[in-house]
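Undergrad: Single-letter residue listing:
Protein chains: 2
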Amino acid sequence: MDNFRFAMPTKIIFGKDTEGEVGEEMRRWGSRVLLHYGGGSVVRSGLKGKVEQSLAQAGLDFVELGGVKPNPRLSLVKEGIELCRRENIDCILAVGGGSVIDSAKAIGIGTPYDGDVWDFYEGKAEVTETLPLGVILTIPAAGSEASNSSVITKEEGWLKRPVGNDLMRPKFAVMNPEWTYSLPPYQTACGAADIMAHVMERYFTNTKDVDFTDRLCEGLLRTIIKQVPLALENPEDYASRAEIMWASTIAHNDLLSTGRQGDWASHQIEHELSGIYDIAHGAGLSIIFPAWMKYVYTHDTARFARFAVRVWGVEYDFDHPERTALEGIERLEQFFASIGLPVSLADAGIDSNRLDEMAAKCTDDGRRTQGSFVTLSQEDILAIYQLAL
Amino acid sequence: MDNFRFAMPTKIIFGKDTEGEVGEEMRRWGSRVLLHYGGGSVVRSGLKGKVEQSLAQAGLDFVELGGVKPNPRLSLVKEGIELCRRENIDCILAVGGGSVIDSAKAIGIGTPYDGDVWDFYEGKAEVTETLPLGVILTIPAAGSEASNSSVITKEEGWLKRPVGNDLMRPKFAVMNPEWTYSLPPYQTACGAADIMAHVMERYFTNTKDVDFTDRLCEGLLRTIIKQVPLALENPEDYASRAEIMWASTIAHNDLLSTGRQGDWASHQIEHELSGIYDIAHGAGLSIIFPAWMKYVYTHDTARFARFAVRVWGVEYDFDHPERTALEGIERLEQFFASIGLPVSLADAGIDSNRLDEMAAKCTDDGRRTQGSFVTLSQEDILAIYQLAL
Numbered sequence: 031m032d033n034f035r036f037a038m039p040t041k042i043i044f045g046k047d048t049e050g051e052v053g054e055e056m057r058r059w060g061s062r063v064l065l066h067y068g069g070g071s072v073v074r075s076g077l078k079g080k081v082e083q084s085l086a087q088a089g090l091d092f093v094e095l096g097g098v099k100p101n102p103r104l105s106l107v108k109e110g111i112e113l114c115r116r117e118n119i120d121c122i123l124a125v126g127g128g129s130v131i132d133s134a135k136a137i138g139i140g141t142p143y144d145g146d147v148w149d150f151y152e153g154k155a156e157v158t159e160t161l162p163l164g165v166i167l168t169i170p171a172a173g174s175e176a177s178n179s180s181v182i183t184k185e186e187g188w189l190k191r192p193v194g195n196d197l198m199r200p201k202f203a204v205m206n207p208e209w210t211y212s213l214p215p216y217q218t219a220c221g222a223a224d225i226m227a228h229v230m231e232r233y234f235t236n237t238k239d240v241d242f243t244d245r246l247c248e249g250l251l252r253t254i255i256k257q258v259p260l261a262l263e264n265p266e267d268y269a270s271r272a273e274i275m276w277a278s279t280i281a282h283n284d285l286l287s288t289g290r291q292g293d294w295a296s297h298q299i300e301h302e303l304s305g306i307y308d309i310a311h312g313a314g315l316s317i318i319f320p321a322w323m324k325y326v327y328t329h330d331t332a333r334f335a336r337f338a339v340r341v342w343g344v345e346y347d348f349d350h351p352e353r354t355a356l357e358g359i360e361r362l363e364q365f366f367a368s369i370g371l372p373v374s375l376a377d378a379g380i381d382s383n384r385l386d387e388m389a390a391k392c393t394d395d396g397r398r399t400q401g402s403f404v405t406l407s408q409e410d411i412l413a414i415y416q417l418a419l
Numbered sequence: 031m032d033n034f035r036f037a038m039p040t041k042i043i044f045g046k047d048t049e050g051e052v053g054e055e056m057r058r059w060g061s062r063v064l065l066h067y068g069g070g071s072v073v074r075s076g077l078k079g080k081v082e083q084s085l086a087q088a089g090l091d092f093v094e095l096g097g098v099k100p101n102p103r104l105s106l107v108k109e110g111i112e113l114c115r116r117e118n119i120d121c122i123l124a125v126g127g128g129s130v131i132d133s134a135k136a137i138g139i140g141t142p143y144d145g146d147v148w149d150f151y152e153g154k155a156e157v158t159e160t161l162p163l164g165v166i167l168t169i170p171a172a173g174s175e176a177s178n179s180s181v182i183t184k185e186e187g188w189l190k191r192p193v194g195n196d197l198m199r200p201k202f203a204v205m206n207p208e209w210t211y212s213l214p215p216y217q218t219a220c221g222a223a224d225i226m227a228h229v230m231e232r233y234f235t236n237t238k239d240v241d242f243t244d245r246l247c248e249g250l251l252r253t254i255i256k257q258v259p260l261a262l263e264n265p266e267d268y269a270s271r272a273e274i275m276w277a278s279t280i281a282h283n284d285l286l287s288t289g290r291q292g293d294w295a296s297h298q299i300e301h302e303l304s305g306i307y308d309i310a311h312g313a314g315l316s317i318i319f320p321a322w323m324k325y326v327y328t329h330d331t332a333r334f335a336r337f338a339v340r341v342w343g344v345e346y347d348f349d350h351p352e353r354t355a356l357e358g359i360e361r362l363e364q365f366f367a368s369i370g371l372p373v374s375l376a377d378a379g380i381d382s383n384r385l386d387e388m389a390a391k392c393t394d395d396g397r398r399t400q401g402s403f404v405t406l407s408q409e410d411i412l413a414i415y416q417l418a419l
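Residue numbers (my numbering), protein chains in the order written: chain R, 31 to 419; chain L, 31 to 419.
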């Protein structure tokens, strides 16, 4: 186990009818709120109205900025920063899923910063200050509600880049599983892939002696595998929606990273895909992760066999552990397909035309590598895209 | 799943050589430190010297109060409160295990309080203020380093009582597994029983649809079952000491309580035992928990069968689930015995003389019950003590 530092300061307020508490919570952090959200679904569902009521009851002023899209864009972030400065906003409330929260985080760090907010995403500046951020979560997937990171896409060149800093963790997250009832099946499935990917990026590690966090990862993956089909079958099943929602937070708040190095190659490889083709991040992950696994599993067959046995209940083949390992990858792929996700580029209608371009972008034209479980070059990444065809 | 609120604000600083960071961390919280500890082991091990050096380097003044005993006493707490007031102490550093931390928490809430600190433990006053507390953990067991609770024993009548409030969570906890190498085998084993009990108190619940936290509980228990024998065999095995130490924190920081009601009867039943006989809390738990299980398992045979299968790897008996349930309890008892813990009152040299007295104290002479998985009367508790003979 490696040395580590960990805290989970984000206050989670979880369960039925909790959205009414948002005004009181927000009041601890400011008086002029940017209310940030995506499309019309939070209006249609009635959530936005309830939130506005709660803010008004707490005596808070707010200014709205909607229109966040999946793979949230730099241009809207910049608009938000201008708005916050102009309106003397002192705190942000994000109502939505990971895209809205990531966009809000970007606005939060960009508002007090003199330079271009994209500097943070290019690694040219360090985050030292942010507007405080509260969240009402409506899509369990990204884990951004308690994570320290944000991913933004710059339209010019379709560059998708992450930044992370503990100051960026939301102050609180209100999570009522009932607001996830209306998620379309495809979005529920994409969320499942995202959650599982967050765990698997941490699970496949070269760090030795991480038995405890391994077991937490395995338990979380089994929860998703069991509960997501139930939620797809009955979208208003509170029990399964609640399990998925809470698991999504723990999958990405860094508890499962404690004492171990993560890989994160698949996320980077996927970012080029959804950056260019604008497919859902979860759908990109369901394509890339099995391909990555097939490419790297011989690096540590025992870990992949463990994954197969502990997560998927595969019987261990003592004579041929590699068969067990491959069976685990196969089961993951079958699971993704069974919940309606693409598991190949062809499934997503993507051909081989731009694989070279993506492999080049993912490695800065071969100047950097990706991954730590296995270090991947531009050539390796191209091979993984090809495996995913 | 029930509604819940959760945060884990305690900053964990985990790993080798981390004790040198304590001065810098402490400086965020005050300038005059009460250095609180137990016996001579932290002196002999050299840890106290390192801590003093780190505090001095950070420019902090400190006053010492040693002498905390297992089942920490109210009289020393009162001495600490007087000392803090006299010396204008503004923060506390606890170096030790659960007893030292619980004692420090009591001093922390007692110092700014006008009345008798025991009021908090009797439920006569609510905690609204505390001195900030930092921890250097040397015994993984109680989980007090990130928990919101403290248990103190009042010598007059040997009353052992808990109090809990989120203000009481330590600000940071420095955890270097190397400082646990010198723990005697018996104390390592008592710690294991305490950690497992914290999980089992949460695991045996009537709350339905808690699949995710069930799995986290099961993973944590399996970690302890695997790692504790390794640490006993090789006390300087960093890997197993680290797994045990991190698991002990997560066992009791309330992550495993999220959305579910805990039981806690066994802890209360044990408190009377270690209150009167002054045996180690962990040893009391290894006696009481199996007896409690035998008394209550028919209330939810399926949950006990799950415990047997998922935690102990027992093969499920589809024709006779109750046999599976009982086999799980048997395995727990065998495990405790295998690591050198008592599993009956006789093992601890305790006879039947004071069972009535303990059952009466535990229920305030029958005026209150214990437990929520099964509600236990004075009579039930007496029966559990008798089962433990």
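If you're looking for bench data, these hints aren't it; they were derived computationally from the structure.
Any given hint could be a false lead.
One copy or two, it doesn't matter: identical chains are merged, so the pair holds either way.
[To be verified] In silico DSS-like pairs for lysine-lysine, Cα to Cα no more than 30 Å straight-line:
1. Lys184 <-> Lys80
2. Lys80 <-> Lys46
3. Lys238 <-> Lys80
4. Lys238 <-> Lys46
5. Lys256 <-> Lys80
6. Lys238 <-> Lys256
Undergrad: Run through the hints listed earlier and report the numbers of any the structure violates, in increasing order.
TA: Numbers 1, 5, in rising order.
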